[in-house]
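*Asks:* Residue-level listing of the chains:
Protein chains: 2
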Amino acid sequence: MDNKIFKEKINQAIEILKEKNIDMWITFVRESSIIHDPAMDMVVGTNSTWQAAFIINKDGDTTAIVGDMEEENFVSAGLYKNVIGYLKSIKEPFIQYLQDKDPKSIAINYSKNSVLADGLSYGLYQILIEHFDGTGYAERLISSEDIISALRGRKSAAELKIMKEAVEETLKIFDEATLYIKPGVSEIEVADLVKKIAEEKGFELAWEDTHCPAVFAGPNPAGPHSGPTEKVIQKGTLVNMDFGIKYKGYCSDLQRTWYVLNDGEDKAPEPAQKGFDIIHDAIQKVADSIKPGVKGVDMDSIARNYITANGYPEYPHGLGHQVGRVVHDGGAGLFPDWDKYGNLPFIELEESQVFTIEPRLPVEGFGVSTLEEEVYITKDGCEFISEPQSELILIKT
Amino acid sequence: MDNKIFKEKINQAIEILKEKNIDMWITFVRESSIIHDPAMDMVVGTNSTWQAAFIINKDGDTTAIVGDMEEENFVSAGLYKNVIGYLKSIKEPFIQYLQDKDPKSIAINYSKNSVLADGLSYGLYQILIEHFDGTGYAERLISSEDIISALRGRKSAAELKIMKEAVEETLKIFDEATLYIKPGVSEIEVADLVKKIAEEKGFELAWEDTHCPAVFAGPNPAGPHSGPTEKVIQKGTLVNMDFGIKYKGYCSDLQRTWYVLNDGEDKAPEPAQKGFDIIHDAIQKVADSIKPGVKGVDMDSIARNYITANGYPEYPHGLGHQVGRVVHDGGAGLFPDWDKYGNLPFIELEESQVFTIEPRLPVEGFGVSTLEEEVYITKDGCEFISEPQSELILIKT
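Protein chains in written order, with the working numbering: chain V, 18 to 414; chain D, 18 to 414.
Just so you know, these hints were derived from the structure itself, not from any lab.
Watch out, some of these pointers could steer you wrong.
Copies of the same chain are indistinguishable here, so a pair counts whether it falls within one copy or spans any two.
[Said to hold, decoys possible] Only pairs whose alpha carbons sit at most 16 Å apart, straight line, appear in this in silico EDC-like list of lysine to aspartate or glutamate:
#1 Lys108 with Asp58
#2 Lys129 with Glu147
#3 Lys129 with Glu216
#4 Lys105 with Asp356
#5 Lys178 with Glu400
#6 Lys105 with Asp283
#7 Lys357 with Glu109
#8 Lys213 with Asp192
#9 Lys108 with Asp356
#10 Lys357 with Glu147
#11 Lys308 with Asp163
#12 Lys105 with Asp354
Everything numeric in this text was worked out from a predicted model, so none of it was measured.
Only chain V is shown next, with the shape it has when bound in the complex (with noise of 0.2 Å):
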């Protein structure tokens, strides 16, 4: 990510800051290469040694005080407006710069609901309220979430134009795909020719490389998630790839479905041209209900009941999550209201989100019917950042 978007995205945050009403939002970490809070990639950029705090305040102020061996780079990077150095302990001038502000609400990084908010750690928190003992600051803390959440989920323009390269050149290495997909090829022989692909181009993997590209061929197919096999590829069956990059910082998750056509056959048969008709629908369904105000759960279920009505299990997972810096991004999501989801299914959606829409079912005897599309919320409902799949791709034998 360049400098340009960081500073975009402070600004960002000292709006967000305003309209929620928060004093301050503070960032505090340490050794940051090893334990890193993912609130550095949105608004620091530069890894930090020693405790060093972050601070965006709701007035426009914006100050980084650091361990002074690391005190140029954070001059350099030219993203806050004050850089502090100290040598032996960060608690003088960090209280001292709290007793000068004065915040009512601090926010800091942790949060029960969404990891990307959550990046301050148990033993950090416990050092964090030590320097604040006698200082009545400690009652003041509150969670990030909602400003991460914002921070994370408002696309700007700059950053939906590299979203959308990215979905581009992803497509075009799914287009890539299909030119090798053929029975006798097995699981792995697609994966590492994709992964060979995206590595020539320049491109890292959106996910771990045990499992991205995930490519699943056939019936009784491991589960999602799973890392590709040795299974090869067979004459009259589904076969199905999972697959995203990062681009320019940005990430991108994508899911294709093809059909590898039997002797004599010149389309699908009946079954699997349904079951990946139901999927193909279910997402429009879902894309002509989502807009600004919506909650997640509810656009789980819309694909979920319209499956299952369909006869089909439904799917075990959610249908859904944002997309940008990381692959599972965002706070709210796409999810049924399962325990692990936490309070994401229930967060209003906000326009300038990324969300996947990724449902499937099995297809008796043939493998798994899955797509997975990116949509962007706009005012009043969404638009395709990937141009849907509308057919079942036939590889002809």
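Chain V is fixed; fit chain D onto it per the hints.
*Replies:* Just chain D now, kept in the frame of chain V:
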């Protein structure tokens, strides 16, 4: 890190639990590719999307409780004897498991002292406490810092072998840099050459590429941890480099000092030579004293006092740190009694730990003299892993 070393480390963890009489150690994570508990790099190795508990017991049992979509990944990794998958919430199988074992002490990953034992984020800690609500287990929680410190610090023969190779490969790159260092070449040019060599050899850098390597030319250089600048190497000055690689999952971290001869010189002038000798001798004095049972703060004092007794200012950082999977590794360090180092200066050193020794001093008008060696703590002393730099390297022009 290959599976063999993970297995070795899990077995070592069981022995450490016996030694310290701790019944159970839980590494509790979620979305671990986003917020990454460094304990995972010792005893897990595979990221988890959903809440997951990796449990090692004093009785030798090992169990992973993971989201069911990723169950196969952990079964195939083969590190944990039992792998339990869940769909909607980890709570039920997790509490069931605890009740079966009924541990009297449960270590989790939080630590004020050691960032490497502080992988549990504060929001996730709150979730853990909620899961434990009504069970009484929250009262049995302790910090895993002693376990992790021992586990990371005590290098096995296999780990030590890799770390020696990492140092050898790093010193070869330093030798190549020696051929390139000459008047008129900038700090950035030296750094770029070193990065290019490392990349061609397929090595990752041990820390961020903004200051790996850090190169310092002549008087009044930027501070340690600063990146290289456009400053050009001049005759009659000292040049230093701080550089390390990541090799087979383990880091190296070394510094060397060169003197660029002035016209007519065939050796360094007395002030530059003395600056080098004092640093060299300071390291040797520490190496003569370091052994199991001593405290880092006393090792730091040996070097710090020797340098100041010779009329130089004290170095603005600790004398040395442990090295391992990450470049600043382990718990105990050779640190002064400064607030930011917590209790780490006061932990007794143990056999099989690897430390850097890296004092520095400024030489008025010439630049900075720094050396950084790595030593391995033996039963009654230490061995240098790096062949110590015994002479100032002279650059003829």
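*Asks:* Each hint should be assessed against the structure and marked as holding or not.
*Replies:* How the hints compare with the structure:
1. Lys108 with Asp58: For Lys108 and Asp58, the Cα distance exceeds 16 Å both inside one copy (24 Å) and across copies (31 Å).
2. Lys129 with Glu147: For Lys129 and Glu147, the Cα distance is within 16 Å only across copies (10 Å; inside one copy 22 Å).
3. Lys129 with Glu216: Neither. Shortest intra-copy (36 Å) and inter-copy (40 Å) distances fail the 16 Å Cα cut-off.
4. Lys105 with Asp356: Result: close only across copies, 6 Å inter versus 44 Å intra.
5. Lys178 with Glu400: Classified as within; 13 Å inside a copy, 55 Å across copies.
6. Lys105 with Asp283: neither (74 Å within a copy, 41 Å between copies)
7. Lys357 with Glu109: between (40 Å within a copy, 12 Å between copies)
8. Lys213 with Asp192: Answer is within: at 14 Å inside a copy they meet the 16 Å cutoff, but 34 Å across does not.
9. Lys108 with Asp356: between (39 Å within a copy, 9 Å between copies)
10. Lys357 with Glu147: Between copies only: 13 Å across, 32 Å inside.
11. Lys308 with Asp163: neither (19 Å within a copy, 51 Å between copies)
12. Lys105 with Asp354: between (48 Å within a copy, 9 Å between copies)
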